[in-house]
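Q: Once you have looked at the hints, place chain B on chain A.
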Amino acid sequence: MAAQVAPGAPSLMGIATPAAGATEQYEGGEARTSGSVLKLTLRTFIENKLAVAGLAILVFLVLFCFVGPHIYVTNQRTLNPANSNYAPSGAHLLGTDSEGFDVLGRLMVAGQSSIEIGLAAGFTAAIFGTLYGAVSAVAGGVVDAVLMRLVDALYSLPALFLLILLSAIFAPNLPLMILVLAFIAWLGPARLVRGEALTLRTREYVQAVKVAGGTQGRIVVRHIVPNAIGTIMVNTSFLIADAILALAALSYLGLGLPDTTPTWGGMLSNGTNVIFDGYWWQLYPAGIAIVLTVVAFNFIGDALRDSLDVRLQKR
Amino acid sequence: MTGYIIRRLLQSVAVLLLVTLIMFALFHMLPGNPARAELGVKAQPAAIAAFDKMQGLDKPVWYQYYLYLDHLAHGNLGFSYIQNASVALLFAQRFPKSILLVGLATLVAVVIAIPLGVMQAVRRNKPEDYFFTGTSFVFYSFPTFWLGIILIEIFSIQAHWLPPEAPEGTNVAQILANWKGLVLPVLTLALVSIAAYSRYMRSSMIESLAQDYIRTARAKGVGRRAILLRHALRNSLIPMATLIGLSLPSVLSGAVITESVFNYPGIGLLFWQSAQSDVPVLLGLTLVAAVGVIVGNLVADVLYAVLDPRIRY
Chain A
1 MAAQVAPGAP
11 SLMGIATPAA
21 GATEQYEGGE
31 ARTSGSVLKL
41 TLRTFIENKL
51 AVAGLAILVF
61 LVLFCFVGPH
71 IYVTNQRTLN
81 PANSNYAPSG
91 AHLLGTDSEG
101 FDVLGRLMVA
111 GQSSIEIGLA
121 AGFTAAIFGT
131 LYGAVSAVAG
141 GVVDAVLMRL
151 VDALYSLPAL
161 FLLILLSAIF
171 APNLPLMILV
181 LAFIAWLGPA
191 RLVRGEALTL
201 RTREYVQAVK
211 VAGGTQGRIV
221 VRHIVPNAIG
231 TIMVNTSFLI
241 ADAILALAAL
251 SYLGLGLPDT
261 TPTWGGMLSN
271 GTNVIFDGYW
281 WQLYPAGIAI
291 VLTVVAFNFI
301 GDALRDSLDV
311 RLQKR
Chain B
1 MTGYIIRRLL
11 QSVAVLLLVT
21 LIMFALFHML
31 PGNPARAELG
41 VKAQPAAIAA
51 FDKMQGLDKP
61 VWYQYYLYLD
71 HLAHGNLGFS
81 YIQNASVALL
91 FAQRFPKSIL
101 LVGLATLVAV
111 VIAIPLGVMQ
121 AVRRNKPEDY
131 FFTGTSFVFY
141 SFPTFWLGII
151 LIEIFSIQAH
161 WLPPEAPEGT
171 NVAQILANWK
181 GLVLPVLTLA
191 LVSIAAYSRY
201 MRSSMIESLA
211 QDYIRTARAK
221 GVGRRAILLR
231 HALRNSLIPM
241 ATLIGLSLPS
251 VLSGAVITES
261 VFNYPGIGLL
271 FWQSAQSDVP
281 VLLGLTLVAA
291 VGVIVGNLVA
301 DVLYAVLDPR
311 IRY
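As given, the protein sequences belong to chains A and B, one line each in that order. Here the first sequence stands for residues 1 to 315, where the numbers follow the numbering used here. Here the second sequence stands for residues 1 to 313, where the numbers follow the numbering used here.
Next comes chain A alone, as it looks inside the complex (with noise of 0.2 Å):
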């Protein structure tokens, strides 16, 4: 089909997750061991410069994130307005936000929620997409049709368009945010692991467990979902950025979550009021900290998936 030659998921802030490689599996690989394929693709992952500088920026930041707040102890409970708008100094490393909070301070404790519903609605979304495409391959036929052209249809609206529309009806709170990002995140891995259990089902040892009696639920969960592992993880590690970046366009839109809960997103979105004030403080590190994420997320992805496509392994 000529629609799989685009790349996957297309994600929300334009990124066209060029998830198509990913679907390249182990093709003859029998005659290796399990581990022997765990090793190499680890040490493909570890000779790639942009793991190794995604996974040092992620250590860095979820370092900062929940340690850094029991080194450099703030109040993030109380407002202070007469601290407000504070710039930079010693007592403030990165000045105080327009309601009197530190901002270095804030920048951890929101980092948390950030890094948190991200990974919450990534994984949701990741294990979700998995079992409604390995269900919907397996199942084939009329259910197959019936469950991708709700696929189809999901995909056609606009995520923030969904987003949006989901958030204007349902007021999240946080539980339900999470639940709200996954539900725009999962088409692109049901569709992609859809692809890989097609032409999974049709290999012999897949057969065989037909012919031994074995039930569907048996393929998806012992056969389809192992095999298809890589093309999840490179996979999840996109929805976990898109997740985060959703999470702050919604903030910023007014959308997000309530000020009890402080997300980078939210920083940002009161960082914008304060522009003409040239409060340069309030808008830069929340931002710089979104992108340090999201790149971090996405350079594990990219190599990820270059270590588990066997051309590019040294063998």
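Keep in mind the hints are simulated off the structure, nothing from the lab. Being a predicted model, the structure only gives us computed values, none of them experimental. Note that CB positions come from ideal geometry on N, CA and C, so glycine has one too. A portion of the hints provided could be inaccurate.
With beta-carbon atoms standing in for the labels, derived distance ranges [unchecked claim]:
#1 B:V306 with A:G140: 29 to 39 Å
#2 A:Q216 with B:G103: 42 to 52 Å
#3 B:V172 with A:R222: 51 to 61 Å
#4 B:E165 with A:R222: 54 to 64 Å
#5 A:V62 with B:V291: 21 to 31 Å
#6 A:A171 with B:A47: 46 to 56 Å
A: Quick look at chain B alone, frame taken from chain A:
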């Protein structure tokens, strides 16, 4: 070929019907009673009954869906009680302005991304390739709204070169007359696309350059330039055509953000302003966007089949 187009057309119609079903379901998931939402909490029961009758809300659900489809077939996309105008009218007023923004941004993106991708493919794994690869990665990791705000900060607030807001105007001519205000919105929307398109162009070009016909051309003594432009580039452009068609949904999403940042009076701004309370507008515009995307995909697929003579269905 004709068979393929017909099959693809039928598929699109099926998808379109499903989209209407989703929109209809979303409308019915709205909390509260539509009559009370439109007429206010103090509406008399008789007025509510009359409203329900007028809107067909007293009929069975399947009939309401039929009514909805019937309305759509007659170009009735719903009615905004807040703006006291039909969604179709609101859409028609803003559509040309959004097309202008999206069209210009796509044009700019293509004009920059294609040569950039070709250059990167030719100078593959050289410093300049690494530089632009890195830049692309950063740009497509940018939140669009932040990019817009930074451009405002640099070019409007610091340098005073360009206005921070998009031109106001009731029609395209007025907006074009004030073209300076268009520069930043178009740039914002284009930069993210450039990152994505140039990456794609680069890999497409690398793939073309590795083909046997390139080696043949080289062997028979075709000039370097001719190989690049006539043999490699032309074949690499085919997947680009598809990509541009398929990236329509993300461009539309970007337009919502860009129009909100620059206060550009297009469909995206209308959509955002309706997000708080005007659900009929949201549903109507989402449906129109979906139609645009479905048609875009259809055109991209058919174009692909037409442009590439190797593809036979």
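Q: Hint by hint, note whether the structure agrees.
A: Each hint tested on the structure:
Separated by about 31 Å at the C-beta atoms, V306 (chain B) and G140 (chain A) satisfy the suggested range of 29 to 39 Å. Range check, Q216 (chain A) to G103 (chain B): about 48 Å between beta-carbon atoms, so the 42 to 52 Å window is met. Take V172 (chain B) and R222 (chain A): their Cβ atoms lie about 59 Å apart, and the range 51 to 61 Å holds. Our hint of 54 to 64 Å for E165 (chain B) and R222 (chain A) holds, since their Cβ atoms are close to 58 Å apart.
Under the hint 21 to 31 Å, the C-beta atoms of V62 (chain A) and V291 (chain B), about 43 Å apart, miss the expected range. Taking 46 to 56 Å as the suggested C-beta distance range, the pair A171 (chain A) and A47 (chain B) does not conform, at roughly 27 Å.
Violated hints, listed in ascending order, are 5, 6; each of the other numbered hints is respected by the structure.
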